[in-house]
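Below, each chain spelled out in residue letters.
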Amino acid sequence: MRRAIMIPAALALMLSASVLLLPASAPAAPAEMSRDEIICLAQSGVGFSYWWGHGGWCHDGCAPDFSCSAGSCSGSCPDCSHSGSYGADCSGFAAKVWQVPDPIDLSNDDHPYSTEDFRCSEIHWTQIDKGDIQIADALVYRSGGCPGSGGHIVIYESGDPWGSSWTYEARGCSYGIVHNSRTVSSEYIAIRRSSLTASCVPSLEVCDGDDDDCDGLVDDDIDSYACGTGECERLSACAGGVETCVPGDPRPEICDGVDNDCDGADDDDGACVQDDQDVQELQPEEMPDEAQDAAVDPALDDAVQQDVTGPPDAQVDGIFQQPVLGMEGGCGCALTR
Amino acid sequence: MIDEMRKVSLGIAAAAAGIILLFLLLRTGPSGSKGAKNPETILQLGWGGGPGEAGRHEGGESAPVGPMSFTVLPSGEIYILDQVNVRVLRFEPGSKKSSQIPVGSDTFQDLAVAADGTIVLLDRLVRRAVVLMDTGGNELAFHAVEGDGIPEGGAVTAMFLEKDGLWLEVNHERSVRILDESLAPCPRTVRRGRPLDGGSKTVAAFLDKQGGVKMRILDTPTGAVTAEKHFPLGQDLYRIAWIEADASGAVHAMFHLLEPQAENAPGPPDEKVLALRLGKDLEETGSFESPHTIRAWEQFKEFEVAGVGTVYQMAFSDQGVTLLSWRYEP
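Going down the list, the sequences are from chains S and Y. For the first sequence, the working numbering assigns the number 337 to the last residue and increments by one with no breaks. For the second sequence, the working numbering assigns the number 1330 to the last residue and increments by one with no breaks.
Next comes chain Y alone, as it looks inside the complex (with noise of 0.2 angstroms):
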């Protein structure tokens, strides 16, 4: 009697299998699409204020922050904002030792690392300033956000720091220049959207009420769409947490996907992020989905897409902190 429940539970078993293995063979997405590589873990640390740590607040009714922000040169070097201990974590390429750049504040909530080392820090609610320090953590200069197209500080989404300049974007809608080339104040420029082909085109998103994104793609001079793409993803979406170009003009796009549960339902919802590599016309060339979504421990930046297509994701977990790296196969 045993055998044959072992010989059915074991049928069972071996056609889940099979039909699991048919949905991932038929999960190959559009023609042409790609997925990516199981992502590299480049970076881990744990929770704390030691070296190789980043700091975590809890939130004793109060709010729980994570590290901020980071970023990935192109050298490979990687920056944390470890605001909470007070420093930016600097990585050498391949390192896992870090250097350590006081900032003097934890209200920082952003960072970029410019050609010439000078670090660039957001500082949106309290300062409402952007900041520029040296690799000794001096403060060189500080310029205020809050003025022509951003009303407040807390309407300040995301930070770009790109050739002509530093751009802040507001409300997720449209961005500011607020530094030129040389990180010096110029009257204000705005665009809708966030840039692409060197800023000749920009990509705008918005959900559109109904579960699913809607993208455009904007000639910058004449603000023609050039494509227009409506994704539904059904009554799943939470939010979009991050588009950004490569520099081969394709869009990538990162959804947040929530499934519906029911009241009282045991266990954490099921989260995952939908990333998706987009063309000129917007369409799918390339794809993954990655477990790990925002924890209550606020982080301003999530994602960052290097040059060269590779997507960075910087991620929380009850252990620590860990950067990870995802490549599309070419």
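The following block holds chain S by itself, in its conformation from the complex (with noise of 0.2 angstroms):
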């Protein structure tokens, strides 16, 4: 009897103890998401409020949705005062992002974590080396080390040429959600969540033969370059991985308001001397028809001019249209994109 009482005593002594030296705060790893997801949230918060110790709003896919008021913040934080029922601070904003520790719609105004949390725990993400951080990972900061007093976090997109770095981030009560390029000192360390599918990891398309983007087109959206001058100038080109630009031939000059033997100067070696005597000679009803009525009415002139020039602002193709011939005022720009 006495046996058969201390047998249960026994067992549930080392279920206790089991209890006990389980780690009673190992969390259950979050849902799976891959880096598109956890950018795509990132994009639909660009534009919401700052709002001190919150996190929420509105989406439409990976679009805001301003639908929802997008809320507004001033005064200095934590002593500042917010407006609406949406926004995020910086940590808020991750969590949201990163939809840790559990799946929530993003309009749920959760702050489940600091950037204490972030930078001096390891819940559902880890500490990664920086030289090893990709789309969707984070950099945190906290001052004074851990547990240190106040902190920040951003979510990171890419690098630029320079190693600057693009990201996602609740800045501030006057900024609200943003997506800049911004440095990112050396106090920042890089995080990991936990959980992550595969994906392709997108960076900065450039000619090289690849889908860096990952839209699955390769080498498109490369910026050309303007090389030459007068007529030319041409545009760069992308083909084969390779983006070259090459000038056109110059031709000889006339006397047309362009830079026909590519020199930088407009109607030079003389080109219109000749001309200009011709047009002294010619009587109005010598002239082309638009000349004729400009020399009528001053007014049509400018019409004339105007057609010739186009509008300041005009775009063909999405080249940049310059003025062609030389206008007053202005900035007589004359590289194109």
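If we take Cβ atoms under 8 angstroms as the criterion, some of the chain S residues that face chain Y in the derived model are:
no. : residue
1   : 77
2   : 150
3   : 151
4   : 225
5   : 228
Reference listing, derived: stretches of chain Y covered by chain S, where coverage requires no fewer than 3 residues with Cβ under 8 angstroms from a Cβ of chain S:
no. : region
6   : 1058 to 1072
7   : 1101 to 1107
8   : 1117 to 1131
Worth flagging that the hints you see were computed from the coordinates, not collected in a lab. The structure presented is a predicted model; accordingly, all values stated were derived computationally and were not measured. Note that beta-carbon positions come from the ideal geometry of N, C-alpha and C, so glycine has one too.
With the hints in hand, could you dock these two chains into one complex?
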């Protein structure tokens, strides 16, 4: 009888001990997410207000849904005031975008972690080498280390050619949630969410024969640059993973208001001397129709001139249209993109 | 015994000093390369909101920031963008007394001053505009940043006020002229890199993913590469901090170096800025090292190169803001 009592007692003791020994705070892994899904959620917050101690906004897919008021913040947080029902501070934004600890609708106000948690603990994330950072990881700073006092966290998107970082962040009271290229000091450490699924890792699309930005297209959206001057000006092109720019061939200068021989000057080399004489000798009835009208009505002259130059901000197929003839005022911009 | 130990210690110290001296003597750089004199501190500000102070925001669950930008005019006047205190601080040449210009917002991130005294302020994230102000803080005009060549304000990485107008750099790759020489809007013009020789050339740079930097000088009209050089800085390169040419055509490049550090290593990592002065073929003609690197308090602009080749650096410390002037030996 006594033995019978002793066995259950030992089992109970062992169970109790095992419960005590189990990592009571070990959380279940967060739901799986891809890096693309994280960036999608980050994009959807841009434009909403900064709201200290909160995290929630409305979205329509990857876009913000401003049918919910973006809210506004004024003052210097934490002694700041907020109006509206949506917005986030930096840690509220990061937790929502990472969907930790559990999946939650973005519009539900929730703020489960602070920068102290992100910087000083590894709950649903782990610290990684900053050199290994990838899109949808985060950079976190805590003033004074751990536990420290105050801090900041940003969602990393990509690095630029100089080593600056493209980030999504709930930046501060006056800024709200923004997407920007910024410097990040060495005091920030990199962390990675747990339970990430594989996906393409987008980076800046460059002319290299690869689909860098993961949009399914190779070498698309490449910025072109101009080379050559005058009529020889051409735009660079990307072909076979190589970007080249070849200026056009110069031709003899003629009197047409254009730099035909591509030496940087319009109608130079005496190109207009003979033409000027010809014009002086012409009578209105001998001129082309438009010029005849202009000779009769000076206002029409302006209209013809505008028709030639076009509006300053006109675009043709995405190429910036510049003034062709010397315009008065303005900057006489010569290059196009 | 103690005397013996002292002798050994002194011997080791002397040997170490000799090695350091030898290293310093050998570290003369390429032939013709000049060093910069120890920096002159031309301005020092404590943290705060009073006169002679600059504001810093610690970032309690938001971005920690310090004064975002500065400029030193050829006259010696200094302007500090003290946006945390919603003002620009202006210092007369050689004076420690400042006057202040209220700017009405703490979201400006860069400033420049035109020859007529107009203050040009960049707010790339909230108003997404360039704002022109007079010295009384009255807004004269504002011009949207986003448009042809600039898809979003957050892509702007620098602002340059030049003789031919106002240029905004995008993603450290290209620059877009948005205002003409009279600071009026103009058809937008795009160029690669940063200007050199009054705009007849441009200089571009990018990290090469092997820990180095590739730099190129391009002829602006033709786009032809006139010089190219690779700087193998090893695994220490953290980022390119600044590139700007002076009036003589010398290119000044500042590289933020960061020693790799073992996990959980005690103390902060060893950081510095390596500044190089480069000639027309990108050959090194001078260099210096600054121990001041960016801190957690964000700043949009750390360096400025004067026409005469002086390099200015705005550095933050726990004590405040220091503006340093580095001059190369003639």
